[in-house]
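Please model the complete structure; the sequences and the hints are all you need to start from.
Listed below, chain by chain, are the residues.
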Amino acid sequence: MNTESTSIQPRLRVPGILLILGLAIELISLLWNKPLAFILFAFVGGAFLLSGILLYLYSLVSVRG
Amino acid sequence: MQLPTPGVLLIALLLVSLVLIAIVVFRPAITNSREGKILAFLAFLILPVLCMTWGASEHIDRSKQTQFCLSCHVMEPYGKSLYVDDPGYVPAAHYQNHRIPVEEACYTCHTDYALYGSLRAKMEGLQHIYVQYLGTIPKTITLFKPYNNRECLHCHLGARSFESNPLHQAIMDSIKSNQMSCITSGCHDTVHNVASQDHVKFWSPVQ
Numbered sequence: 001m002n003t004e005s006t007s008i009q010p011r012l013r014v015p016g017i018l019l020i021l022g023l024a025i026e027l028i029s030l031l032w033n034k035p036l037a038f039i040l041f042a043f044v045g046g047a048f049l050l051s052g053i054l055l056y057l058y059s060l061v062s063v064r065g
Numbered sequence: 001m002q003l004p005t006p007g008v009l010l011i012a013l014l015l016v017s018l019v020l021i022a023i024v025v026f027r028p029a030i031t032n033s034r035e036g037k038i039l040a041f042l043a044f045l046i047l048p049v050l051c052m053t054w055g056a057s058e059h060i061d062r063s064k065q066t067q068f069c070l071s072c073h074v075m076e077p078y079g080k081s082l083y084v085d086d087p088g089y090v091p092a093a094h095y096q097n098h099r100i101p102v103e104e105a106c107y108t109c110h111t112d113y114a115l116y117g118s119l120r121a122k123m124e125g126l127q128h129i130y131v132q133y134l135g136t137i138p139k140t141i142t143l144f145k146p147y148n149n150r151e152c153l154h155c156h157l158g159a160r161s162f163e164s165n166p167l168h169q170a171i172m173d174s175i176k177s178n179q180m181s182c183i184t185s186g187c188h189d190t191v192h193n194v195a196s197q198d199h200v201k202f203w204s205p206v207q
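Keeping their order, the protein sequence lines are chains A and B. Counting in our numbering, the first sequence runs from 1 upward without gaps. Counting in our numbering, the second sequence runs from 1 upward without gaps.
It is worth saying that the hints were derived from the structure and are not from the lab. Glycine included, each C-beta is placed from N, C-alpha and C at the ideal position. Check the hints yourself; a few may be wrong.
Claimed, not checked - The following label-pair restraints were derived from C-beta to C-beta distances:
hint: 1; chain 1: B; residue 1: 127; chain 2: A; residue 2: 44; range: 15 to 23 Å
hint: 2; chain 1: B; residue 1: 114; chain 2: A; residue 2: 51; range: 34 to 42 Å
hint: 3; chain 1: A; residue 1: 63; chain 2: B; residue 2: 15; range: 28 to 36 Å
hint: 4; chain 1: B; residue 1: 191; chain 2: A; residue 2: 32; range: 29 to 37 Å
Written as structure tokens, this is what we have:
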């Protein structure tokens, strides 16, 4: 069994869910043509996406090969 | 055949990204292979960064639209003022005669044509959103700072009708240096005038 793959797989779930939420919020903000949509995109969607990306990068560097 | 708009392409990219991320999340075993790792890298890093950048650009483009500015209730009278049937109303004359892009009418006149003009306009826009939803909307809306002639000269400078006007020629230096305002020096002082909207006639464009 590959040690690396088994250790990174569970770590992908949380960043994945954060990214799915962030992208879903971005999608909703694009379908809504109001000034609040930009706030939703930049501050709510952006926060989910950034935290998802950072967690994914952390999971990559913290896995022991 | 009509090409899809950037907005439609972005929505398609978002959906593809969502599907790829969901595949990795619900079938993590695919990351055992090299190809799976590449797919995860693409879905978890490259595509979200691309979506964020493209999304920001799309939102900024949308915020330039006249329709966007007028979507706030408080801006409705200003939108209505674009249809005043009187050529003396500066914004109405510009809008009705397409001297400015009709789809980006507000932005065309209310952005600074300077190095960080667009960025400053966006920051001021955020302040508008704050006041709209969390602050108190003032009874009389005023500009953040006096209107700069530079915004008028961005189009008018070098235009024959502007340059050949003897009055403009006589005070050209004062106009260029912003010492004499185009709109508050008594020359072109009828702007939106929303307070007197009950007493004016409106133009109805032919559909």
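Evaluated hints:
no.: 1; hint: B/127 - A/44: 15 to 23 Å; result: 19 Å, holds
no.: 2; hint: B/114 - A/51: 34 to 42 Å; result: 35 Å, holds
no.: 3; hint: A/63 - B/15: 28 to 36 Å; result: 30 Å, holds
no.: 4; hint: B/191 - A/32: 29 to 37 Å; result: 31 Å, holds
Violated hints: none; the structure is consistent with every hint.
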